[in-house]
Structures are given as structure tokens and as C-alpha cells.
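Enquirer: Sequence:
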Amino acid sequence: MYQKVALAIAFSPRMEALIAEARRLIGIFQGELILIHVGIKTDELESKLDEILHRHCSDLKQIKTLWKEGKPAKTILKTCEEEGVDLLALGALKKEGLLTYYLGSVARKVIRKSPCSVLTLIDPKIETTRFSKVVINGTQLEVTPKVIAKGLKFCQAEGASQVHILNEIKLYGLQMATAGEGSEDEVAMTRRKLVQDEIKYVQEILDGLDQSGLKINIKVTAGKWAVELVRYCDSINADLLIMGDEKGYSFIDRIFPHDLEEILTELPCNLLIVK
5 MYQKVALAIA FSPRMEALIA EARRLIGIFQ GELILIHVGI KTDELESKLD EILHRHCSDL
65 KQIKTLWKEG KPAKTILKTC EEEGVDLLAL GALKKEGLLT YYLGSVARKV IRKSPCSVLT
125 LIDPKIETTR FSKVVINGTQ LEVTPKVIAK GLKFCQAEGA SQVHILNEIK LYGLQMATAG
185 EGSEDEVAMT RRKLVQDEIK YVQEILDGLD QSGLKINIKV TAGKWAVELV RYCDSINADL
245 LIMGDEKGYS FIDRIFPHDL EEILTELPCN LLIVK
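Take the position in the sequence shown, starting the count at 1, then add 4; the result is the number in the numbering used here.
Keep in mind the hints are simulated off the structure, nothing from the lab. A few of these clues could be false.
As the list claims (entries may be wrong) - Straight-line alpha carbon distances no greater than 25 Å define the calculated SDA-like cross-link-like pairs of lysine to any residue that follow:
| no. | residue 1 | residue 2 |
| --- | --- | --- |
| 1 | K279 | P119 |
| 2 | K68 | I44 |
| 3 | K157 | K219 |
| 4 | K150 | E232 |
| 5 | K279 | Q166 |
| 6 | K65 | R28 |
| 7 | K219 | Q166 |
| 8 | K65 | T133 |
| 9 | K129 | T69 |
| 10 | K72 | C61 |
| 11 | K279 | S216 |
| 12 | K72 | G43 |
| 13 | K150 | I220 |
| 14 | K137 | D127 |
| 15 | K157 | I240 |
| 16 | K150 | D249 |
| 17 | K137 | G35 |
| 18 | K65 | E85 |
| 19 | K154 | E86 |
| 20 | K137 | E270 |
| 21 | K75 | S16 |
| 22 | K72 | I30 |
| 23 | K150 | Q7 |
| 24 | K154 | D238 |
| 25 | K82 | Q34 |
| 26 | K137 | D211 |
| 27 | K65 | D47 |
| 28 | K117 | D243 |
| 29 | K197 | E146 |
| 30 | K137 | R27 |
| 31 | K279 | Q7 |
| 32 | K129 | S62 |
| 33 | K223 | Y205 |
| 34 | K204 | E146 |
| 35 | K72 | K113 |
| 36 | K137 | Y236 |
| 37 | K228 | L210 |
| 38 | K45 | S16 |
| 39 | K137 | R18 |
Between the sequences and the hints, there should be enough to build the whole structure, so can you do that?
Expert: Here you go:
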């Protein structure tokens, strides 16, 4: 699924854990690992990195370390494009402060503009574990069939024990307000139909996909999907949220956030953006 996995590294306290997590992914997908560091290469930094790689990646035949100079986000994105990276992994904070949100962190910029799928890890560990509880955004968007298809493949590779697909009822308040003019039975019938339609939408996508080895739960919500995704991930203590990309961001979008921006403001768990 991902033949070239890149990891953006900085010499922070979490670097070893991030490398360990990336190594685990390489073990799953049997691909090549590319490490990208934006900064000046020194003997001390190279020695520190070599020690970590010896502990976690000594058995890898395909590993490349790239030392680059320039603006971090722009350089990481350009390198991913040049190297034909399929999946970029990077660390991110679970919650960003207001100033960081408006100025934009490196992780946020990379997520929005990356040419490949992006996996953000908010709590990487040296003693890694698989993603066992996964939530996939199933809201009716153009990218949703692709997100569900790639999400299931990822979950199968991971051996995830639980897969939850969360779908939002579009214009629920308006539709229920209109139905409210009828009897209680009519209102209840409208509500059931709305839920059934959303389940049918997801089920029709699933019917054309390999679901072997997966336990899939379809959940329908009446709230705004970005908010509900965060709440649901928190409620089940999810390990990973999988969703699609939204195109065309501007500074105005930072002031009046898109759904993805709202999720990035306070990540509920690790996040995979499918592109």
C-alpha cells in the first residue's frame, strides 16, 4: 500500500519514538524508509541519528537519510515530491495554542499541502503498538469512497480489531424542522429514514470492498461531522482517525476554519489524511 514511507525528523525528545513508529510501518508495508531532516548536518547530529537507527533500523536494507536546508514545510513537501513518497509521517501536538494556530505550525502546513498521504502521530512510543481502534470519516463527500477503500486496506494491514465508520446526516436540523409540522409518527419515520439512508450510503461503498478480517461498525450522527468525529474518537479512545483531504486553503480559511482545520486545532488521536 505504501512503498515509500518518509519521516520528517527534528532532533527533539520524541525523535527516537517517531523513528520506532516509522520502522513499524515499514515492517507492515515492506517498503523503503526515507528520513528527512531540514537543518545543518553536523557530526554530532549524524552520530546521534546513527545510534538511534542502529537500535531500531539495523535490519533495514532500504533506508535513506536526507539532510536538507531551507524553510521546513516547503522543503519537506518538495522532497516528498522529488522522492515519490507515498506516505509522510510526522509528529504533531495534540493541542495547539491560539498563536500557533494562526501562524501555522510546520505540521499543519505540511498536512494541508502534501502531495501524498500524511500520518500525524501525537503520542509516538518507542515500544510501539498497532492501531486497534480506528475511526473512518464516512460523511458524504466526493473523496469518501476513496477514504473508506484505503482506510480498510490500512486497517487490514494493521490488524485493527475495531473499525468505526462515522457518517453525518446532511441538513438534519432543516429536514427535521420540516418533518416537525407532521405527527409524531411522521417525525419518527423521517428520522429513521434519514439514518437508514446514511447507513445505505456507506454500506453500498462497503459492498464493493474486501472487508475480510475486519469488524466494522457504521455510526450515524446528526451533528457537524468534524465536531462529531472528535467527540466519537474521544468517546471510544480511538488510536487513529482516517479522513480525506480538503483542497484550496487560504488565510481566510484559518479565520473561518474548514472541517479539517477544526480537527487539527485539537487532534483527538493519531490522524491519517488520505490523498
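Enquirer: Hints first: check each against the structure and report whether it holds.
Expert: Evaluated hints:
1. K279 with P119: Holds: K279 and P119 sit about 7 Å apart, inside 25 Å.
2. K68 with I44: holds, 17 Å
3. K157 with K219: Between K157 and K219 the Cα gap is close to 13 Å, so the pair holds against 25 Å.
4. K150 with E232: holds, 21 Å
5. K279 with Q166: holds, 23 Å
6. K65 with R28: Holds, because 14 Å separates the two Cα atoms, which is no more than 25 Å.
7. K219 with Q166: holds, 6 Å
8. K65 with T133: holds, 23 Å
9. K129 with T69: Holds: K129 and T69 sit about 21 Å apart, inside 25 Å.
10. K72 with C61: Holds, because 21 Å separates the two Cα atoms, which is no more than 25 Å.
11. K279 with S216: Since the Cα atoms of K279 and S216 sit roughly 23 Å apart, the hinted pair holds (cutoff 25 Å).
12. K72 with G43: With Cα atoms ~6 Å apart, K72 and G43 stay inside 25 Å; holds.
13. K150 with I220: Cα-Cα ~17 Å, so holds.
14. K137 with D127: holds, 15 Å
15. K157 with I240: holds, 21 Å
16. K150 with D249: With a Cα-Cα distance of about 11 Å, the restraint between K150 and D249 holds, given a limit of 25 Å.
17. K137 with G35: holds, 24 Å
18. K65 with E85: holds, 22 Å
19. K154 with E86: holds, 23 Å
20. K137 with E270: Distance of about 19 Å is within 25 Å: holds.
21. K75 with S16: Within the cut-off at roughly 18 Å; holds.
22. K72 with I30: holds, 23 Å
23. K150 with Q7: holds, 18 Å
24. K154 with D238: Roughly 23 Å between the alpha carbons, so the hint for K154 and D238 holds.
25. K82 with Q34: holds, 24 Å
26. K137 with D211: Holds: K137 and D211 sit about 22 Å apart, inside 25 Å.
27. K65 with D47: holds, 23 Å
28. K117 with D243: Holds. K117 to D243 sits at ~24 Å (cutoff 25 Å).
29. K197 with E146: holds, 22 Å
30. K137 with R27: Cα-Cα ~20 Å, so holds.
31. K279 with Q7: Between K279 and Q7 the Cα gap is close to 15 Å, so the pair holds against 25 Å.
32. K129 with S62: holds, 18 Å
33. K223 with Y205: holds, 12 Å
34. K204 with E146: holds, 16 Å
35. K72 with K113: holds, 18 Å
36. K137 with Y236: Holds, because 11 Å separates the two Cα atoms, which is no more than 25 Å.
37. K228 with L210: holds, 23 Å
38. K45 with S16: Holds, at about 15 Å.
39. K137 with R18: Judged against 25 Å, a Cα distance of about 23 Å means the pair holds.
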